[in-house]
Amino acid sequence: MSSEFEISRSITIGQYVPTDSYIHRLDPRVKLLLFVVIVVAIAFNTSYIGNAIGLFLSLYLFWASKIPISYGLSGVKPAIPFIIILALLQLLFQGQLFSGGKVYVDYGFILITSESIRLVVVSAVRFIEIIFLSSVLTLSTSTTQLTHSIQSLLSPLKKINFPVHEISLITTISIRFVPTFAIEMEKMMKAQASRGADFGTGGWWRIIQRTKETFPIIIPLFNIALSRAEDLILAMESRCYTPGGNRSSYSVYKTLAKDYLVLLVGLLFAYLLIFYPFPF
Amino acid sequence: MGARPIIQVENLSHTYMKGTPLEHVALKGANLYVEEGECIAIIGHTGSGKSTLIQHFNGLMRPESGKVIIDGVDLSKKKVDVKTLRQKVGLVFQNPEDQIFEKIIGDDIAYGPFKLGLPLKEVRERVKWAMSVVGLDFEQMKDRQTFALSGGQKRKVALAGILALKPKILVLDEPTAGLDPKSRNELLEKIKRLNREEKLTVIFVSHNMEEVAMLADRIYVMAGGKDVLCGTPKEIFTDKEKLQLHHIGTPETVQVLYRLTDLGYKVSVDAFSISEATEEIIKVLHGTKEDLEDVQRV
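Note that the protein sequences, when read in sequence, are chains A and B. Going by the working numbering, the first sequence opens with residue 43, and the numbers climb by one from there. Going by the working numbering, the second sequence opens with residue 146, and the numbers climb by one from there.
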């Protein structure tokens, strides 16, 4: 029987699963770049087949990186209500904009056509693909690797005075602390439950009561977050961190032939997703 | 000592993140037996499963395999009234001052009793009682702001918040960690009083052996998710072989006495309270009991 409080289990962002697969060993810059390109490609593709291929690819990546698919699924689970609401809204109100194809329902402002159904299905699948892809990326790449690659990919922007280093630092810190706060939250829920608090009781329509129930968790978490931030500042300052300082890096990434190969295959894949005229 | 078992743990196991690459076994076959009114210390190194074990006592965790029976309630059954259980077993987490969320001390302590659905008058009485037990003046402190308190005072408020539930069993996870020596001694005195005078069954986790020697009737030693040793402080701290086997520290007094025996002096190593140890050391210094009395006269 798993505990009702084990929430850190369902949070996969910012967690690194070291299985040392070849996906783990790829140059993180290549991974990040391909991630961005493929997500864009998926966003462009509106065909059923194209998205089926995208879904297949994201599942394949889980297999290739030796990360159990349950990780990806637990990332999708909390998003399901959003996907459903989004799908319903699109189905009911977007029909007029995508009115091509066969008309199934035409009742007042509601217009459901084969095109609007395609929109609904494709955007739901797209959402899941993107969650899967980002899960694979963060699960197979440590946060340090991610920061370094963000920094190195954005470094051309330094010329126009874009704060590349600061942005990548902020991103890393925020990603790094997601699991930490999940653990803190778990502890806080347990502590408050020990003094009689209950969470998620009462129907969802009793919004005020349910909001009140979260106060005993949210307020202490805020306190903890602030004091942690203060600690972090002190720790960084005592190690002579200066914003904007020029720093070298401990690990230097080398892009090998296999990295270029993967990059090439990935770009080709993205190109096909965007430009190939899928029949269905 | 009441002969009724109030907590019974048999062959309890628990695995975190089961079915993921990050799974790890926290408990494997732990046993524990606590009688009503006892004061039990649980000691052991980090990762030995202490925290996981005590979270089973108030139903935050349910037994994965094995048995947990709290005051006659079997927690491995599917339907357990956790609310009543959590009222009966007050669990104080590590750094409990983090859980304070109300603006005013009185309100924060009253949170639990209100959640029990008690009438205002009863809640007030309980807050008053809880504050007096932890040594906070009700009239003076109840309307103070929580954020302006010192660490030691915050911890008292948090403890009062649990006590206001009027639990029969009080479970504390490292109650004195991070406190200054003065607040630490005060808190230990409070816990001792709760056990001896208010007749609460107390179970606490600690790394501080002086504390353990001072408070506990019995000690459970945990290692690798199991209880490896159990006995009175005398039994545990005098068993040198087992102490070394499980890398258990001893109170400083015992360490000094062990050193003395190693050097060939005849002292009894089971005198671990400070006054007893002093007596032993003075005996060594002066040879005889009469000398000791002389010293005390001087």
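If you are wondering where the hints come from, they were derived from the structure by calculation, not from laboratory data. Keep in mind that a hint or two might mislead.
[Stated by the list, open to error] Here are the simulated distance ranges between beta carbons:
#, chain 1, residue 1, chain 2, residue 2, range
1, B, G174, A, S290, 31 to 37 Å
2, B, V170, A, D62, 20 to 26 Å
3, B, V170, A, L306, 56 to 62 Å
4, A, L115, B, E380, 50 to 56 Å
5, A, K119, B, K222, 26 to 32 Å
6, B, D415, A, S290, 58 to 64 Å
7, B, I214, A, S112, 32 to 38 Å
8, A, F204, B, G262, 56 to 62 Å
9, B, F259, A, L134, 39 to 45 Å
10, B, N156, A, S197, 43 to 49 Å
11, B, V170, A, V163, 56 to 62 Å
12, A, F241, B, S221, 37 to 43 Å
C-beta atoms are modelled at their ideal positions from N, C-alpha and C, and glycine is treated no differently.
Verification of the hints:
no.	hint	result
1	B/G174 to A/S290: 31 to 37 Å	violated, 51 Å
2	B/V170 to A/D62: 20 to 26 Å	holds, 23 Å
3	B/V170 to A/L306: 56 to 62 Å	violated, 44 Å
4	A/L115 to B/E380: 50 to 56 Å	holds, 51 Å
5	A/K119 to B/K222: 26 to 32 Å	holds, 28 Å
6	B/D415 to A/S290: 58 to 64 Å	holds, 60 Å
7	B/I214 to A/S112: 32 to 38 Å	holds, 33 Å
8	A/F204 to B/G262: 56 to 62 Å	holds, 57 Å
9	B/F259 to A/L134: 39 to 45 Å	holds, 43 Å
10	B/N156 to A/S197: 43 to 49 Å	violated, 58 Å
11	B/V170 to A/V163: 56 to 62 Å	violated, 43 Å
12	A/F241 to B/S221: 37 to 43 Å	violated, 23 Å
Taken one by one, the earlier hints fail for this structure at numbers 1, 3, 10, 11 and 12, listed in ascending order.
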